[in-house]
Amino acid sequence: MIVRIMGEGQVELADSHFAELNKLDDELLAEMESGDEAGFRGTLGALLDAVRRLGEPLPDDSLEPSELILPSPEATLEEVQALLRDDGLIPG
0 MIVRIMGEGQ VELADSHFAE LNKLDDELLA EMESGDEAGF RGTLGALLDA VRRLGEPLPD
60 DSLEPSELIL PSPEATLEEV QALLRDDGLI PG
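Residue numbers for the sequence shown follow numbering that gives the first Met the number 0, beginning at 0 and rising by one.
Derived by calculation from the structure, the hints in this document are not laboratory data. Certain hints may be false.
Unchecked claim - Pairs of lysine to any residue residues, derived as SDA-like cross-links and limited to a Cα-Cα distance of at most 20 Å, are as follows:
no. : residue 1 : residue 2
1   : K22       : R51
2   : K22       : V79
3   : K22       : S33
4   : K22       : G6
5   : K22       : E32
6   : K22       : D48
7   : K22       : I4
8   : K22       : I68
9   : K22       : G54
10  : K22       : E63
11  : K22       : D35
Taking the hints into account, I'd like the entire structure generated from these sequences.
Take a look at the structure:
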């Protein structure tokens with residue numbers, strides 16, 4: 000799956016990594032629902048770090064369609080809420 004982190008670029012992630020990412024996504028969703036700003040900030044950073052670590056970066060000049068778009072590390076709680084689906088940022 001091609002994943003874009005807003006403001007950074009794209010990475011290709013194998014489906015096998017989504018179980019790990021979904022755990023962080025569930026944690027992020029719970030923190031957002033409870034209004035835990037500090038927890039949200041830490042978990043968002045951990046989620047994005049995991050995507051960077053597990054994904055294979057695509058060249059900057061690559062124009063692949065992104066199947067998943069994640070917020071930038073500086074995104075506010077409200078901006079991330081606008082990107083949410085029923086099951087969080089990451090499907091599944």
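Keeping to a limit of 20 Å between CA atoms, is the pair of K22 and I68 held or broken? Holds - the C-alpha atoms of I68 and K22 are around 17 Å apart, at most 20 Å.
Just to be careful, I want the Cα atoms of K22 and G6 compared with a cutoff of 20 Å; is the pair within it? violated (24 Å)
Proposed proximity, E32 with K22 (alpha carbon, max 20 Å): Given pair K22, E32 holds - Cα atoms ~16 Å apart, limit 20 Å.
Is K22 close enough to R51, meaning Cα to Cα at most 20 Å? Since the Cα atoms of K22 and R51 sit roughly 16 Å apart, the hinted pair holds (cutoff 20 Å).
Given the hinted pair K22 and D48, is their alpha-carbon gap at most 20 Å? holds (14 Å)
Given the hinted pair K22 and E63, is their alpha-carbon gap at most 20 Å? Given pair K22, E63 is violated - Cα atoms ~26 Å apart, limit 20 Å.
Going straight from one Cα to the other, do K22 and V79 come out at no more than 20 Å? holds (17 Å)
Please work out if K22 and I4 have their alpha carbons no farther apart than 20 Å. holds (18 Å)
Between the alpha carbons of K22 and G54, is the straight-line distance 20 Å or under? Status holds; Cα separation ~17 Å.
Given pair status - S33, K22, alpha carbons within 20 Å: Holds - the C-alpha atoms of S33 and K22 are around 17 Å apart, at most 20 Å.
Need the status of pair K22, D35: alpha-carbon distance at most 20 Å? Within the cut-off at roughly 17 Å; holds.
When each numbered hint is compared with the structure, violations occur for hints 4, 10.
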